[in-house]
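Student: The primary structure of each chain is shown beneath.
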Amino acid sequence: GAVVSQHPSWVICKSGTSVKIECRSLDFQATTMFWYRQFPKQSLMLMATSNEGSKATYEQGVEKDKFLINHASLTLSTLTVTSAHPEDSSFYICSATAGSEVYFGPGTRLTVL
Amino acid sequence: GNSVTQMEGPVTLSEEAFLTINCTYTATGYPSLFWYVQYPGEGLQLLLKATKADDKGSNKGFEATYRKETTSFHLEKGSVQVSDSAVYFCALTSGGYNKLIFGAGTRLAVHP
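Going line by line, the protein sequences match chains A and B.
Residue numbering for the first sequence follows this note's numbering, starting at 1 and increasing by one per position.
Residue numbering for the second sequence follows this note's numbering, starting at 114 and increasing by one per position.
If you are wondering where the hints come from, they were derived from the structure by calculation, not from laboratory data.
Ideal placement from N, C-alpha and C gives every residue a C-beta, glycine not left out.
Accuracy of the hints is not assured; some may be wrong.
Claimed, not checked - Short derived list, chain B residues pointing at chain A, Cβ under 7 Å:
#1 GLY156
#2 LEU157
#3 ASN211
#4 PHE215
#5 GLY218
#6 ALA222
Chain B with its partners taken away, still in its complex shape (with noise of 0.2 Å):
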């Protein structure tokens, strides 16, 4: 079946690090990709997607590419800042539906 597995966290950088989450996936048929967000007491946002091999989603300075031979989804971001501590969850959707399966999702924390 489908799954999602990312990095375990918490995942603690210094402002203006660099920031990689690991993610990668088993899925039949072609799958789109996501990373969503979920900012202290809020519910979850998307924050990037990709809905085919080699596509780049990209917001907010975050980027991941979709990488069909590697099945990763890998989220990166250049500089990180203290408002980018959050939980950050990896999902896929498959066959055309819009049910998505979560990885495990990754805590990150950001110091001044």
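Pulled out of the complex, with its shape left as it was, chain A reads as follows (with noise of 0.2 Å):
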């Protein structure tokens, strides 16, 4: 089946500096991806809609400035979170959709020193 990837599956970095999650469609194209954070013991809640070649539409109450979503070819979107802070630790989790189906990355734990 379709398979999504993402980079790099966990990353601890300092306060202040800026993080890049990549993931990619590795089979098929994807018009759209999605990006999902999830707290521990949580579910999963939606971040953006990532459209290739065009901005991505972020859910209510989601800083557009400080995660900012480039989905630049239709197998790659990046999830750059600038300026982390502590309380930006979490895990990241991206989708793909391809047709009618959608298929998960396996996720990215970002942890904030």
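Combine the two chains into a complex, taking the hints into account.
Tutor: Here it is as structure tokens:
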């Protein structure tokens, strides 16, 4: 089946730095990708919808200047957490659509010290 | 707006016990309903889905029926295994768009 990868799988950074997370669809083209965050023992909360070649659509309460999303090609979307703080520590998950099917990446665990 | 409510966990069962995880939803229009599973250390995987009322989704011994009259999509399995231990998420999409709305997740622990 279709595979979605994320890189890195985990990252630890200092407060105030920026972190970029990549989401790739390995064997299919994804016109739409979604970014979620998941706090420990909680559900996935949709952060934004990313369409190739256009600006991302952010969910209410998500700061677009803090969570920069770029969807430059049909196989790659990136999420950059700018000026990260400890409260940004979370599990970030992307998904990509192929037709009516949705495929999830394995997630990236971000820890901000 | 659209939302999903599922029973709180954790659910702890012995092997071969019967499993039910309740899920109800609120949605405009005619949503598609899903169950996803997240095994320890892994990403979400689609377990089953149903796209219209009275459809039954099934996979790996799990099944769920789309009940429009009760706005429910309860997950069931007749005999659980230790390998079924995971977190299960009920979810929906609405409006022909693949934007998933998730429930809080229910952790299942199955003991030998």
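Student: Does each hint fit the structure? Answer for all of them.
Tutor: Structure-based check of each hint:
1. GLY156: Holds, about 4 Å.
2. LEU157: holds, 4 Å
3. ASN211: It holds, given that the least Cβ distance between ASN211(B) and chain A is near 5 Å, below 7 Å.
4. PHE215: holds, 5 Å
5. GLY218: Interface hint status for GLY218(B): holds (5 Å vs cutoff 7 Å).
6. ALA222: violated, 13 Å
In summary, the one numbered hint that this structure violates is 6.
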